[in-house]
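Peer 1: Chain by chain, the residues run as shown.
Protein chains: 4
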Amino acid sequence: MLHEVGASNGAPGASLARRSVVEGLGTAFLLAAVVGSGIMAVRLSGGNTALALLANSLATGAGLAALILAFGAFSGAHMNPAVTLSEAILRGRPWREVPPYVSAQVLGAVAGVAMAHAMFGEPLFSLSVRSRTGLPQIFSEAVATFGLLAVIFFSARRDVAPVAMAVGAYISAAYWFTSSTSFANPAVTLARSLTDTFTGIRPADVPGFLAGQAVGTSAFVLLARWLSGRKNDDPHP
Amino acid sequence: MLHEVGASNGAPGASLARRSVVEGLGTAFLLAAVVGSGIMAVRLSGGNTALALLANSLATGAGLAALILAFGAFSGAHMNPAVTLSEAILRGRPWREVPPYVSAQVLGAVAGVAMAHAMFGEPLFSLSVRSRTGLPQIFSEAVATFGLLAVIFFSARRDVAPVAMAVGAYISAAYWFTSSTSFANPAVTLARSLTDTFTGIRPADVPGFLAGQAVGTSAFVLLARWLSGRKNDDPHP
Amino acid sequence: MLHEVGASNGAPGASLARRSVVEGLGTAFLLAAVVGSGIMAVRLSGGNTALALLANSLATGAGLAALILAFGAFSGAHMNPAVTLSEAILRGRPWREVPPYVSAQVLGAVAGVAMAHAMFGEPLFSLSVRSRTGLPQIFSEAVATFGLLAVIFFSARRDVAPVAMAVGAYISAAYWFTSSTSFANPAVTLARSLTDTFTGIRPADVPGFLAGQAVGTSAFVLLARWLSGRKNDDPHP
Amino acid sequence: MLHEVGASNGAPGASLARRSVVEGLGTAFLLAAVVGSGIMAVRLSGGNTALALLANSLATGAGLAALILAFGAFSGAHMNPAVTLSEAILRGRPWREVPPYVSAQVLGAVAGVAMAHAMFGEPLFSLSVRSRTGLPQIFSEAVATFGLLAVIFFSARRDVAPVAMAVGAYISAAYWFTSSTSFANPAVTLARSLTDTFTGIRPADVPGFLAGQAVGTSAFVLLARWLSGRKNDDPHP
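Residue numbers (the numbering used here), protein chains in the order written: chain A, 1 to 237; chain B, 1 to 237; chain C, 1 to 237; chain D, 1 to 237.
The following block holds chain A by itself, in its conformation from the complex (with noise of 0.2 Å):
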């Protein structure tokens, strides 16, 4: 859907190599609004986590809707390797603009965490020491990109702003209904490990994430085969 939002646009504006730049600058903002609002709680919340992750799912929740908003129609908004490769999978998006598409959102994410760091004052990187380990949180990242790749394929429609609140809505949920906070993207997960503040990630625990996400892709591409009862097309009956 949002794919064909992008599809639909044959003008010089979509060329891959414009579409990739989107999705880079998208990531960028996404990163710089899930570090540097979690680095402003922080510093205004005086120690009190509830509040500090208040604000932090909902900076990252309003902020991730308009950036789909904004940049949907360029490019799709992915700004997620877990959805570039599941329309590859189920919408037979070319395999060939995976490559391009990933690249761009691994480096733009890490491009929005140095974003934040020096929109606060801080040197650009700095490895998080900051563990998030266990079963519970990567069976909570299974959980989180399986529901939010359900969100963003079910919901398509012509327009892009209903996915674009229905997405916002969800990771403003699921930061508190996981007790991972809800990554579910594996560039995020990357650059999060470049931040030694509130939204960091300890670099030994990335892998775990990452398997609890494609644990999750996995579960949601049978899903979205069964459901439409058909292989290699459009999920939605």
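These are computed hints drawn from the structure, not numbers from a lab. Just so it is clear, CB atoms sit at the ideal spot from N, CA and C, and this is done for glycine as well. Heads up, some of the hints might be wrong.
Stretch by stretch, here's where chain B covers chain C in the computed footprint (C-beta under 8 Å, at least three residues) [to be verified]:
| no. | region |
| --- | --- |
| 1 | 17-30 |
| 2 | 50-57 |
| 3 | 119-133 |
Computed beta-carbon distance windows for the label pairs [as the list claims (entries may be wrong)]:
| no. | chain 1 | residue 1 | chain 2 | residue 2 | range |
| --- | --- | --- | --- | --- | --- |
| 4 | D | Thr-49 | C | Thr-133 | 27 to 33 Å |
| 5 | D | Leu-127 | C | Arg-43 | 40 to 46 Å |
| 6 | A | Gly-47 | D | Pro-203 | 32 to 38 Å |
| 7 | A | Thr-49 | B | Ala-204 | 33 to 39 Å |
| 8 | B | Ala-204 | D | Arg-130 | 40 to 46 Å |
| 9 | C | Gly-121 | B | Leu-124 | 34 to 40 Å |
Since the structure of chain A is already known, use the hints to place chains B, C and D on it.
Peer 2: This is chains B, C and D only, laid out in the frame that chain A set:
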């Protein structure tokens, strides 16, 4: 309306079995959102119940809106036996669909509690000892259910998006304006007796809540028929 | 606009009597949301007034948006005499409809206060002793009412959904940006004198609030006419 | 887009003079919302700055969305010289419209500060002594303005509703993810030097903020042209 969205869907993906599975899946995520965000909120809020309920109510409403947008096109996304029953009475949904829908909702709700517990490293089930009793709370359930059905059935339009947002907004609000925090859903009520956390309900108090919900549903059905000036028909004028 | 939605509705369900009942029902739920969420917020927030007002303002705005979506198609969902009056002046709503609408709104509002009290185990009515007085608060009511009418009348479109969301968002905001917490509604003002809780207003202070609302309504009517360059007609250019 | 909504409006109500008045009125309400909710938040939050900023950011975002929905059809609801300027550069809005729009925005912003102060019983104007300085905050303003323009110009559609919600969501988020709390608006910046309250800015720090906003606007104009592959034309592919 939600019904129509689903019913207009004669593809294999919309078979009764598949729609029931989607109902179960949606209700599981709903309970994961309710129970999981309650656990997270209590863990972080350090005894500040207002802050815990704020996070819990926002996460529930936002998650619910996203789930309706995601699953509405497949099954109608009732996720609530009171909604399924009202559809059968007011809109001619076939009665033979009610048992599989309601079963899927109850099983999904129970599974969702286990999902939440697993995500937070808790035992899969634990009986609640949280007292929720007294006439004011039972009356609250009647009011909350009546209002929820009015929002669902009267805000019906061709597109599911406004309904999803209205239902999410309503539930976030009703957490605060009822003394029962607005369960308004028999499947949710049963399942929440199986969690000894913030959002639990003592099994002994379940019948009172179900009675309140039954009163609210009956009152709404009478109103809808009176407003439509007909019987056994679509309540929209 | 809301008017047109209702007026295009010539079915028996849209008779003046039924529409008035729906106005009363909607206004009752609005007051239940305002007063009920105020009671819950104060009970849980342990003296933290900012947190109490945050919950109260979000619950009111979200509930209001849901109610407009639910009841807009039946009666226009004014739930506010200032809106009904402005419709008669600016859009030719028949003057004979004003008395039943306004009566239903006031009666519904009073019933809603009783509903909220019953849900929280309080006496059905209690005179407020909360002082809300002084020129800044009266000026606040003028500003709040002017802005509310601008949002309702100018954001009119064929679909009720954007209007509902705009009104809910506006009221949540206006709780904070006015010193009166933005009653902006004569029926709400009268009814809130009957609750000795967080959202109450001392009966002696009601006339000042009504005066401010009258000034705001008059100023908006003048603006709408000037913008339309006509008199007694739809203000939309 | 917002431009087109207004421009498609050839009725007398859309004369340049009337549109400028509406711009001024909208900007006045925007400043009333920003400054007023900041005053209320500080008064109630008892030194909890995170809670104060949460209320301030939610009220501003919600109010802004409502104002765009209300006034968008009349004037485009820029309420921001950076938006008006970008429209002239990128979409061919006549340059002769820029001075009256920008004048109205600045005058409206100043009047809005006085409105807020009057609603809270403060002197109509007071010079801010709040320091907002340093490269991180100036860089924040560049990022915030760039992102705001991307949200406004790229999320354009026939209907104003998604744009309004995207802008409101973006600003609520950007309050948190920038160290400057995202003024992103020269008229707002000038006017906020006239309030010695939570949302004020020391006059001496205004030029730095304006410089950051100019950098962000320039960068966005370059991006939009590159994405459209044309010059002086609609950036939408």
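Peer 1: Next, verify each hint and record whether it holds.
Peer 2: A quick look at each hint next to the structure:
1. 17-30: With 4 residues close enough to chain B, the hint holds.
2. 50-57: holds (count 5)
3. 119-133: Check passed, 3 qualifying residues.
4. Thr-49(D) to Thr-133(C): 27 to 33 Å: Roughly 30 Å apart at Cβ, these two residues keep to the hinted range, so it holds.
5. Leu-127(D) to Arg-43(C): 40 to 46 Å: Since the Cβ atoms of Leu-127(D) and Arg-43(C) sit about 42 Å apart, the hinted range of 40 to 46 Å holds.
6. Gly-47(A) to Pro-203(D): 32 to 38 Å: For Gly-47(A) and Pro-203(D) the Cβ distance comes to about 34 Å; the hint holds.
7. Thr-49(A) to Ala-204(B): 33 to 39 Å: holds, 34 Å
8. Ala-204(B) to Arg-130(D): 40 to 46 Å: violated, 56 Å
9. Gly-121(C) to Leu-124(B): 34 to 40 Å: holds, 35 Å
Figure legend: structure checked against the earlier numbered hints; the only hint not met is number 8.
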